[in-house]
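In the order they appear, the protein sequences are chains U and E. Take the first sequence: its position 383, counted from the start at 1, is 383 in our numbering, and no numbers get skipped. Just so we're on the same page, our numbering is the position in the second sequence counted from 1, plus 593.
No wet-lab data here; the hints were simulated from the structure. All values reported here derive from a predicted model rather than from experimental measurement.
Just some of the chain E residues that point at chain U, by a computed CB distance under 8 Å:
id: 1; residue: 645
id: 2; residue: 664
id: 3; residue: 667
id: 4; residue: 668
Computed list of chain U residues with no C-beta within reach of chain E, every gap over 10 Å:
id: 5; residue: 119
id: 6; residue: 373
id: 7; residue: 471
id: 8; residue: 506
id: 9; residue: 555
id: 10; residue: 572
Even for Gly, the Cβ is constructed at its ideal location relative to N, Cα and C.
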Amino acid sequence: MVNLTINNKKICAAEEMTILEAAKQNNILIPHFCSMEGIHQIGSCRICVVEVEGEKTLQASCKIRVKEGMVVYTNTEKVKKARKLLYELMLSDHPKDCLNCTRNQNCEFQRLGEIIQVSESRFEGEKSKPDRDDSSPSIVRDTAKCILCRRCVTVCNDVQEIGVLNVQKRGFHSFVGPAAGLPLNSVNCTYCGQCINVCPVGALQEKDSTQMVWNALYDRNKRVIVQTAPSVRVSLGEEFGYEPGTVVTGKMVTALRDIGFNDVFDTSFGADLTVLEESHELLKRIKNSFLAKQAALPMITSCSPGWIKYFEHVFPERLEHLSTCKSPHMMLGALIKTYYADKIKVNPKDIFVVSVMPCTAKKFEITRPELKNNGFPNVDAVLTTRELARMIKEAGIDFRNLEEGEFDTPLGISAGAGNLFGAAGGVAEAVLRTVYRTVTGRELQPGMVHIRSIKGQEHIKALEVKIENTVEEYRFIDGETLKVAAASGMKGMKAFMEQLEDGTSPYHFIEVMGCPGGCINGGGQPRPSNEYVRKKRMEAVHSIDRGKALRGSHENPAIAKLYEEFLAEPLGKKSGELLHTKYTKRGIYNELI
Amino acid sequence: METISKQYKSKKETDQEKYERIEAMIEEYREKEGSLIQILHMAQEIYGYLPVELQQFIARKLDKPLSEVYGVTTFYSFLSTKPRGEYTIRVCMGTACYVRGGKKIIERLKEVLDIDVGETTADGKFTLEVTRCIGACGLAPAITINDRVYKQVNPDKLKDILKTYY
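The shape of chain E in the complex, shown without the other chains (with noise of 0.2 Å):
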């Protein structure tokens, strides 16, 4: 799937453009049986999240009622139908990291970026969501932001974690 969305990346795209990415990327996916997530999952990395036009969309080359895919976006928490943020910060709460104080790190952040859960920044920089497992419970606390993984982070530190996104 990495190599997949890498291929068709591409920088400052029209909506039209991104579209038609999508429709590259359904085509390549539409025969294999339980695609849609799959997807679901590329088609917010293009388009950044997922309206209910992007959906309906995806419906109609899929040949799946709306209902269904709407059903799958809105069950996981992965994927969003509001407009997210530059960067998405995930914090961990599976067992572990809820253990060893994912819930503090959540507060910090809260206060930090002065959002609450599931909202973005005003200046469209960061999304903050929580996330179950990510598999990666021997480095717990564990927070992700876009596609890289903070290992035991210390909420102290959360401040000079954000600065490199600057």
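Chain U extracted, bound-state conformation (with noise of 0.2 Å):
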């Protein structure tokens, strides 16, 4: 610990601490920009600067550590002074046209404004020159919006080490972008949308889907069916006010039938149904490898849009380890527009499905032409979290006062396991519980997992679960130890999943999910998406599973019936057409190889 004073006022502070983190801590806030919690911080923007005694000139209090008998003062003309012109220099090439902005009132560079009292704008000159990239079906990119904090850079660099995004060229004409002037469709973008997340101004969002939406509730001739992941019922609130980890599932279902949708499901019935396939998948796998000796082991899993286009850019030849369930969104709306069309009497061609994700990555993957049936897109709109938010606010519902609803029958009904997809780790546990079941006839207890760390790879988790006394069926594994593996996050996972080219991988299966922390922290989730607001949405999706009657997929009765009446069994022939695909190899630009 060093002793230091900050404004007059005595502190101590640990050594490790920058200026800016120790003054946060005794209540003294510095107005800053670029910088990130728990990341390395660039420090481009300098309006954190502070006047530090025996300094000639002032230092950027989000770089500088704190040391001892440091004096520090935050708030003298000097300071007051260089923050304005910064920020007002970095207006002098901002469009400014925030009142039709989809940031407006929730942009970190207006905020900012307000917190420093800037009320000129003395410097008006050249302006950058626009580039608007909106190539992929994810990530709209305009430069003209970018004030260069480079904050993208280091999640998309040092977060997701995909580097896709960097800054290009130099001086006035710098700009954030993939090499070579390429747009967002040609190179190896996972369309994380993690750039979306931190991003404090409008260059980075999402392509709008609402207004394709909003046209299809226009449609009288149109059955409009949404469905909501599981992390999105952890989250929305944060848009309306409430807590982080505040669960909003009942406001939500209401809200999206006063929107006009006819129908409201659960994509936790998908996520169900994706471990019952995904689980007896494995286990055909497993018994490929123990009787004939051959199977692609580790089984990967395949929820993760993200994820699976990072997979298809950087391995293309080991794509047999993917699993081919199609995701949980993906499975429910290839069902609504078969099983479910049926049931109702409306021909699929009038049934539009749109799927409100925590993600941007989905927005991509229901483009991709192998995810059709019958001549159908399984589901023909996604919208991001922030979208629907948007959405509620246009349509006029006072959000807060909402009654609480219920997701409509049948597939609005959900064990806990599907709902576990929200969270990292949530798959992996899910398809435990009915892997366990399946091969022992007996449910799958808390304490029987081993969970541990894997060494110099923390963010990976390893999961172990000893087969014991198992049925007829599945004697060949009988006192085996079945191991899983759980991450999040790309950074890593190239070295992670070397162990597949050479064939030493000691997992069974591997659960990976594209954005750090998974779903509920996905690229369309509401900002800011900080440490404290993952961890109290993470808790959020755990007491919706622990509240659950109903814990293992397998329990669901709603899929039970649905084997019964339309599917048959896992892996069957209906499935195989339905809730299976199959994936691309993809080269660096993106090129199908």
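Hints in hand, dock the two standalone chains.
Structural data, given as structure tokens:
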């Protein structure tokens, strides 16, 4: 610990802290802009400058560590003048079209201007050349709005280790983008959208689908059916002033009905179905590996479309390791346009399926040509959590005072396991529950799973379950230990997956979610999404699971009925047609190889 | 660096031979931290310029994203993504050279060569560039043609200097 004074206040702070952090801990708020909590900061904006006694120039408080005896002033005339000047300079190359920007009143640049009380804009001059890239189905890049804070560069390179975004060129001509002026759809972007989550302005945004959904809702001949992902109900409330982690399932369902959706279904049902199909796929592969010594193990989850695109780019020769299961909302979409369409006697061509997702990569996923059945796309539009919030506001719905609604049946009934898909590690746990039950005939109890972190790769968890006293059919793995790994975020995945190349992976099953923390921190979630917010959302997902009478997906009665009436059995002929898919080899320029 | 690039130098080599030389050079430098600029510099010397394909090759060898490599290439005016002439003329526009008439030299060269800054003559002989301080302030105004430095350049003598390259 070191002692220092900030604004004549004596404070004590840990040595590794920056001035900015130490001040915050002592209720002194230094205006800051480009700094990012918990990760490496480039320190490019200089808004957080302070005076440090003995230093000739102003110092960036986000980069300078506290020192014994340091004397800091955060609010002198010199500091305040510098801050305002910096802000005005940034503003001089910004479009100032705030009133028709989607970030209006939710913009960090706007808020900063208010905090430091900038009331003039003295500099007018040449503006950077605007370059709007809406080539991808997921992310829109608008360099005119970019203020070059480089947060997206940090996220893309250091947090996700993709490296699609970097600063190009120099000085006034510099901009953030892919190499060689390539559009996002011509590089190895995974569309994870983490860059959108950290963008302080409107330079990076999801591609808007709200208008397309409104148009479907206006069309009287369309039956518009919506489904919501497990992680949306734990984050949507934040857009309406609720504390992070507040579960707003009931109000969300009512809001969707008020907007005009004809049926409101739960993607957790699709997740339960995924668990059934994926568990049986895993057991089939394990069986093949034990009895015939040939099977692509470990099997890797396929729920996260950002992760899938990453895998297609990085390991195009190892696609057989990916589970063939479609992601839960695609499974549900396929069933809505077949099983449910039959039930309600509506032609699937008149059905429009909307998925509300925490994710921008899902917008790309629904454009995949292989995710169609009978000529109809499984899902017609994807809205992010943020877009749904915008639609609720646009529809004049008083969200906080809504009654609690319930999902429609039968595709709205879910077990706890399906709901777990919202948080990292959830799929692994859900699949373990069903695999254990299938193999032993008994339910998995919490104490049976041995969980540990992998040394040097703390973000990856290893789960082990000892299989004993199996049913007759699975006698061949009696006494074996089932090994599962769960990871989230793309960082480190290249090295981790290299075990696939040499066949040394000890695991049977690996869950990977493309975003750090899983869907609760997806690229379509409300901003900001910091460590505290992520923790709260994660807890909320687990509280939903604990509150469910039915824990395992195999216990879901609606799933059992679906198999009885329609699908017959997991991995059966119908499942193969509707619920499973194939993957595409991609090069570094997103070319098909 | 001088010795390394000389060591690999040979005349009239094919693209494949150039790539092989670049690969050998990368192997030598890859473990050194912050070697990207060095590698790009030498790759340009070997290949003449840095087309996207070559940058992609370097990125793959160094296991770095192309956007990072391209970001560095487009940051430094010394590095070029377009083909260059046999000789690159760089006119220093550092403070001392600027004050002592660097601008006049540029104007005259543009006239004599009939090209703009950043362009290459039709015969592929010269590329004209502007550079920041080359550290020869005492000899201002200075220009460089490939590795050779010309001091206290008189705009009227430029033609004579260029003649020596034909």
